[in-house]
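Protein chains in written order, with numbering that gives the first Met the number 0: chain A, 0 to 232; chain B, 0 to 287.
It is possible that part of the hints are untrue.
[Stated by the list, open to error] Facing chain B, from chain A, some residues (calculated, C-beta under 8 Å):
1) Q49
2) I50
3) P68
4) E70
5) M79
6) R85
7) F87
8) S147
9) A164
10) Y170
Keep in mind that the hints were calculated from the coordinates and are not lab data.
Since the model is a prediction, treat every value here as computed from it, not as a measurement.
Glycine included, every Cβ here is placed at the ideal spot set by N, Cα and C.
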Amino acid sequence: MLNVRNLVARYGQFQALFGIDVDVAKGGMVALIGANGAGKSTFLKSVAGQIPSKTGAIRFNDVDIGALPAEEVVRRGVSMVPEGRRLFRSLTVEENLKVGAFAGRSGRWTLQAIYALFPALEERRSNSAMALSGGQQQMVAIGRALMSNPDLLLCDELSLGLSPAVVKDIYTILPRIRAEGVSIVVVEQDIDTALRVADQVYCFMHGRVTLKGAPADLTKEQVSAAYFGIEGH
Amino acid sequence: MLEWLDAVIQGVLLGGLYALFAIGLSITYGVMRVVNIGHGDFLVLAAYLALWPVMQFHLHPFLAIVPVAALMFVFGYFLQRVLLNRTIGPNPLAPLLATFGLAIILRNGLQQIFHSDSRSFQIGQLGTDSIPVGGGIAIGVFPSIVFAVAIALTVLVSLLFTKTSIGVALRATSDDAETAGLMGIRARHTYGIALAISFALIAVGGVFAGVRTTFTPESGPSALLFAFEAVVIGGMGSLWGTFMGAVILGVAQTVGAKIAIGIGILAGHLVFLAVLFFKPTGLFARTL
Ligand SMILES: Nc1ncnc2c1ncn2[C@@H]1O[C@H](COP(=O)(O)OP(=O)(O)OP(=O)(O)O)[C@@H](O)[C@H]1O
Ligand SMILES: [Mg+2]
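Start from the sequences, fold in the hints, and give me the full structure.
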């Protein structure tokens, strides 16, 4: 459903991505791993339309979305949980969720469905989003992204700043979202988590994909070589 | 003692007028993080627009507010969409220069058409009526109407911001425009709505200002200054903070004028500078 070919991205003079190829199958769960600054967030931002990319580089459901800005990409069914959550600070939990529905796509993800997925949020619906714990804020960020009823959910470092127990809880939710027919891409620093949850893994380094494959087919040595740039064998 | 109380009361009521000047500026700043340098000149434009039906058809100035506010709303929306959106980007100077340029064009245009004669709106008896409340203090009917309208419109705008989906989108854009884009909020449109609301509000302020005193094509900069001072005193981007800032500015001016005739406006500037110095984020800082 998502086919990225030879994606290049720049910040001014600085080139952050050098020809990335990534495919996400319908219903698939893809993990992107890589060290700090490897270009994972840049890749997600390009797909989501926050960073302009060339026509033809990004196809989604066989439509070229490369040149579209973020507010149009989300209308076509790609939604993002941004790095650091980026909740709207002057909005309540429920208002944050409602803003997520602004793209106007209907489907099964309604306020009720989000509260069923994250019961902790329902009691705090009228609280400021900023008053929540880090884990609950991450739930709001995921719920907000789901409210647009996406076909593809992009998650940038869900585990950022959260305790291992909370991270585990968040990751048990993803299969339930996937079971509703949403394809998922996660960026994850923790290699073990990434290998456990994904059916395809891409390793990024210095703006290039250094390794890709199904977790079962990859050895630990291959992964660390691709991740840290150390020669294996 | 009572005469000071009188000055404070008159100042609070004057603050209602300044709130009508300032809330639009507060909204556009809050949503776009841009100060509209032409704010005061557009306010004067609205007053001149109202002049036409008032002179031509003897429409009551209060009734003229309705079509002029509607017209200014539409004008604000398209001005933002067609022109000002193009200036919003990494360079914060671009929108300042663009609105500065527009202000000059507008001021000179009004000068060409209307010359420098001062104009005002007449509302007859209502303009001078007052209600004595004891102790020699009288509350003007017209200033009270202005104050009540200012409160009503502030309530209306805050309801718009909290209860409607476009309002929530405006607040989300104010918090984080980039992430609002991820949600499908089209900034071009929300920015247009923000300027539209701002322009509708200054239409009300412009006509009321023309009833209270007089206006010329040169009145814009001082209206901008009072609006700006109220916004800074109250805290950038907060509606009720701006309202309170306007009231504080009004009181500073009337109490200042009580201390010595002629220093009223100066006293307002001093309060503004004091706030800027001791609490640069404003007294009631908060985002929209
Ligand atoms: N806004 C920006 N302006 C300039 N350079 C940037 C910007 N954002 C990222 N970069 C650079 O682009 C490269 C890729 O950054 P990116 O954020 O995509 O990495 P990442 O893999 O997500 O890293 P992390 O794990 O730290 O989130 C880095 O060298 C980074 O310094
Ligand atoms: Mg990142």
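Here's how the hints hold up against the structure:
1. The criterion of a C-beta within 8 Å of any C-beta in chain B is met by Q49(A), whose closest approach is roughly 7 Å, and the hint holds.
2. Taken as an interface hint, I50(A) does not check out: its beta carbon lies about 11 Å from the nearest beta carbon of chain B, beyond 8 Å.
3. With 8 Å as the threshold, the beta carbon of P68(A) comes within range of chain B, its nearest partner Cβ sitting at about 7 Å, so the hint holds.
4. Hint on E70(A) holds. Least Cβ distance to chain B is approximately 5 Å, under the 8 Å limit.
5. Given the 8 Å rule on beta carbons, the hint for M79(A) holds: about 5 Å separates it from the nearest Cβ of chain B.
6. Residue-level restraint check for R85(A) holds (minimum Cβ-Cβ distance to chain B is 4 Å; threshold 8 Å).
7. Hint status for F87(A): holds, given a least beta-carbon distance of 4 Å to chain B, under 8 Å.
8. Look at S147(A): its Cβ gets to within about 7 Å of chain B, closer than 8 Å, so that hint holds up.
9. Annotation: A164(A) was flagged as interfacial toward chain B, and the flag is violated, the nearest CB pair being 27 Å apart, outside 8 Å.
10. Violation of the interface hint for Y170(A) is found here, the shortest Cβ-Cβ separation to chain B being roughly 22 Å, above the 8 Å cut-off.
When each numbered hint is compared with the structure, violations occur for hints 2, 9, 10.
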